[in-house]
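Number of protein chains: 2
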Amino acid sequence: MAEGVTMTGRDGGANIGPIGDFDPVVILVRPQLAENIGTTARAMANGGLFHLRIVAPRDGWPQERAWYASSGADRILDAAQVFETVDDAVADLHRIFATCPRPRHVIKPVMTARGAAAELRVASNRGLRTGILFGPERAGLDNEDMARADTLVRYPLNPKFMSLNLAQAVLIMAYEWFLTEDMTPPRELMTNETHVATKGEMDNFMSHLIRDLDETNFLRNEQKRPGMVRNLRHFFTRGEVTEQELRTLHGVVSELSNARRNRS
Amino acid sequence: MAEGVTMTGRDGGANIGPIGDFDPVVILVRPQLAENIGTTARAMANGGLFHLRIVAPRDGWPQERAWYASSGADRILDAAQVFETVDDAVADLHRIFATCPRPRHVIKPVMTARGAAAELRVASNRGLRTGILFGPERAGLDNEDMARADTLVRYPLNPKFMSLNLAQAVLIMAYEWFLTEDMTPPRELMTNETHVATKGEMDNFMSHLIRDLDETNFLRNEQKRPGMVRNLRHFFTRGEVTEQELRTLHGVVSELSNARRNRS
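Protein sequences appear in the order of chains A and B. Residues 1 to 264 in full-length UniProt numbering are what the first sequence lists, from first letter to last. Residues 1 to 264 in full-length UniProt numbering are what the second sequence lists, from first letter to last.
No lab work stands behind these hints, which were simulated from the structure alone. Be careful, since some hints might not be right.
Which copy? The list can't say, so a pair holds if one copy fits it or any two copies do.
What the hints assert, rightly or not - The calculated lysine-lysine pairs, modelled on DSBU-like cross-linking and capped at a C-alpha distance of 35 Å, are:
1. K224 / K199
2. K108 / K199
3. K108 / K224
4. K199 / K160
For reference, chain A alone in the conformation it holds in the complex:
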């Protein structure tokens, strides 16, 4: 992804991401509906895949309906290459994966989408050109197509309900491709304008709270007092708290205390 080429069209449209020369090529084999070619382009863009090849599209190419269905991923369609046979479409590539829900009578390595994505990334980093075959909407890839592939890809999905449409099959592969280089932590606190409170800021709030609770005699039972204070401390440190939230909590405590003082 580091080559610095970006996906802009002949007419200078929106930039939808950087393209790597060795990023995998999505190869649609004998697709039937132009809409599905368009939604495939959209799914590719979601995952940062930009090279599209089309083998023997049933209704010819180009087809305006594909562009309508692509939700703005038309740069991928503009650059798509069309071939008559799978052999032609893969001739300059080094390694071919073929998506295939239920391979039968085939002796071939089968990988998960996640496993295949990792291998595609390794190949790309080695400067090998790779391709992923997706079959036609109803029938899927035939045995001749699969014999052209080095490796089959089968997604782990509910075995009683495997049916995916073409764009969804492409989306899962594109998503896994994107994740191979994504560094997003599984969980992080979004704090926007504020920051996570320091322990000192939290301690300051706890002192305020305990002081006001002492004033009301809420903590008058000397034997239970340490445990009650500890429980409150546990509660307020269960998750991260931001400085802004502490300010609000200071305000809430002061407001309740003042209201009480005014009443008495």
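Since the structure of chain A is provided, determine the placement of chain B on it from the hints.
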């Protein structure tokens, strides 16, 4: 997933998988198009999610078009529950996630789809009921909806092209949910009727090949012979080979040898 209840409809339709009481509930908030509710049900079935709730569907409920679009996941639609507000839809649940492409001005934990799926599985195993909110097609969840969630979920995707349709957003979450308990190895050789050859079977073939090559004098250079034999051995052990393929290779070697003998 172990409760043994299966997803069959009132009229005894197809079984599309086992339902866990504590599996996450997919909650569509103010969905606009019935088709999208149907394709959502399909995506849920793909990943083994079966509990659907719908909050204030724009065009009312039920809507026949949802069933047409569900590709056979109609059991999920049959069992879908409709609520007027998000508060009503989440009242009996313990933990809420909300999918949200670009949260702003929110102080909230944000997880990846994969991180959230892992937490959903842990919660389910602890007997907690969880829900995942998905917003309306165009606007997404509003700030009030997000304030009901414990955690936001943002998928790592191409930042220049994040747009997903509703069913695709649900599919990625359902796929990650399915993977949390999936044990498929990243790569395995599909051998079907045959089996991976033993080292003895491979050695037997190598002996056959070398014997026939010796007969032709292909290996006559005594100095180069060990390296050439080793290279052939490297080639034939690069990937797994099946017993059936070895039989074919034995046949190929014999056939070529015999043809040669007959010519000479």
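Tested hints:
1. K224 / K199: Only inside one copy: K224 and K199 sit 25 Å apart there, 73 Å across copies, limit 35 Å.
2. K108 / K199: between (57 Å within a copy, 19 Å between copies)
3. K108 / K224: between (69 Å within a copy, 33 Å between copies)
4. K199 / K160: neither (51 Å within a copy, 38 Å between copies)
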